[in-house]
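Colleague: Residue numbering for the sequence shown is 1 to 265, as defined by the UniProt record's numbering.
Hints were generated in silico from the structure; no laboratory data involved. Ideal Cβ placement from N, Cα and C applies to all residues, glycine included. One or more hints might be untrue.
Claimed, not checked - Derived CB-CB ranges, DEER-like:
(1) Thr199 to Gln64: 25 to 31 Å
(2) Pro179 to Asp219: 45 to 51 Å
(3) Asn106 to Lys68: 26 to 32 Å
(4) Gly129 to Lys247: 37 to 43 Å
(5) Lys236 to Glu186: 27 to 33 Å
(6) Val116 to Tyr140: 15 to 21 Å
(7) Gly129 to Asn184: 53 to 59 Å
(8) Pro179 to Thr10: 47 to 53 Å
(9) Asp124 to Glu86: 40 to 46 Å
(10) Gln87 to Asp219: 55 to 61 Å
(11) Leu94 to Ala183: 47 to 53 Å
To be verified - Lysine-lysine pairs mimicking DSSO-like chemistry, simulated, CA-CA at most 30 Å apart:
(12) Lys145 to Lys91
(13) Lys81 to Lys145
(14) Lys61 to Lys145
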Amino acid sequence: MNNLTKEIITRLEQLQRAIKLAEKEEKTFPAGRLRVSKSPRQTRYYKVTDSTDKTGEYLPKTAQATVKNLAQKGYNKLFLKAAYSEQKALKAFLLEYKCSPEDIYNNLIPERKKFVIPYISTSDLIAKGWQSKTFKPNPYKPEKKIFDTRRGEKVRSKSEAIIADTLYEFGIPYRYEYPVKMANGEIRYPDFMLLNLKTKQEIYFEHLGRMGDAGYRMDAMEKMDLYRASGIYPGKNLIFTYETEEKPLDIKGMRKMLLELFCID
Numbered sequence: 001m002n003n004l005t006k007e008i009i010t011r012l013e014q015l016q017r018a019i020k021l022a023e024k025e026e027k028t029f030p031a032g033r034l035r036v037s038k039s040p041r042q043t044r045y046y047k048v049t050d051s052t053d054k055t056g057e058y059l060p061k062t063a064q065a066t067v068k069n070l071a072q073k074g075y076n077k078l079f080l081k082a083a084y085s086e087q088k089a090l091k092a093f094l095l096e097y098k099c100s101p102e103d104i105y106n107n108l109i110p111e112r113k114k115f116v117i118p119y120i121s122t123s124d125l126i127a128k129g130w131q132s133k134t135f136k137p138n139p140y141k142p143e144k145k146i147f148d149t150r151r152g153e154k155v156r157s158k159s160e161a162i163i164a165d166t167l168y169e170f171g172i173p174y175r176y177e178y179p180v181k182m183a184n185g186e187i188r189y190p191d192f193m194l195l196n197l198k199t200k201q202e203i204y205f206e207h208l209g210r211m212g213d214a215g216y217r218m219d220a221m222e223k224m225d226l227y228r229a230s231g232i233y234p235g236k237n238l239i240f241t242y243e244t245e246e247k248p249l250d251i252k253g254m255r256k257m258l259l260e261l262f263c264i265d
């Protein structure tokens with residue numbers, strides 16, 4: 001089942017719940033309809049029960065409950081008409097829809113696929129192209145990169161290896177220590193740069209691994225200030241994890257954060 005089919009089924013389920021609620025409420029409305037008369041100084045409400053009556057019965061402020069019920073009734077009628085129409089169209093689409101154009105490429109056998117250039121790039125191709133970009137790695141103490149990842153690279157700490165392996169497991173494209181030019185012209189190397197395949201947004205991921213050290217904390221705060229000045233900050237395009245000697249990386253919390261942020265089923 002591709003993403004489009006999933007989204008349509010989810011929408012149909014949402015429509016069905018709403019329609020059921022609206023149909024139940026439909027039986028509770030009073031007779032008539034609401035007429036609204038607006039003037040520069042005042043808005044008046046009227047209850048119209050006769051189709052030949054162009055004015056209706058004036059509803060004073062004490063009849064606000066009736067105004068509310070009739071307003072909801074009018075909305076209910078229009079909503080059900082639109083919901084039935086969309087529901088019918090989506091069901092008809094699912095009956096006719098066999099596969100997406102992207103599926104044609106995805107379903108090719110490897111021996112054929114390697115010779116084909118798809119007309120619509122798939123997520124796998126986008127991820128592969130993004131991750132294949134070459135760049136100069138962080139020159140700082142490369143000998144410190146001693147921890148292996150499932151993707152076959154070396155990182156600087158056990159926690160970074162855990163994060164890299166989680167990203168790999170979840171299918172989140174990433175670059176390790178990719179050079180980024182800051183607002184002041186300085187080149188920094190965030191631990192990870194991620195690509196959200198759904199939004200195509202690039203997101204930076206920093207692991208603050210020695211927050212129990214006062215000097216490290218000060219450096220981390222200065223780094224975050226520099227990132228913010230360069231348009232990189234939490235809530236926009238930066239996420240982070242942290243640990244101390246007494247409090248190790250919260251692996252469960254990190255996994256949950258990534259699953260939610262990247263909308264992974």
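Colleague: For each hint, tell me whether it holds in the structure or not.
Modeller: Do the hints match the structure? See the list:
no., hint, in the structure
1, Thr199 to Gln64: 25 to 31 Å, "44 Å, violated"
2, Pro179 to Asp219: 45 to 51 Å, "18 Å, violated"
3, Asn106 to Lys68: 26 to 32 Å, "52 Å, violated"
4, Gly129 to Lys247: 37 to 43 Å, "38 Å, holds"
5, Lys236 to Glu186: 27 to 33 Å, "20 Å, violated"
6, Val116 to Tyr140: 15 to 21 Å, "42 Å, violated"
7, Gly129 to Asn184: 53 to 59 Å, "31 Å, violated"
8, Pro179 to Thr10: 47 to 53 Å, "40 Å, violated"
9, Asp124 to Glu86: 40 to 46 Å, "32 Å, violated"
10, Gln87 to Asp219: 55 to 61 Å, "57 Å, holds"
11, Leu94 to Ala183: 47 to 53 Å, "49 Å, holds"
12, Lys145 to Lys91, "54 Å, violated"
13, Lys81 to Lys145, "63 Å, violated"
14, Lys61 to Lys145, "74 Å, violated"
Going down the numbered hints, you'll see the structure goes against 1, 2, 3, 5, 6, 7, 8, 9, 12, 13 and 14, while the others check out.
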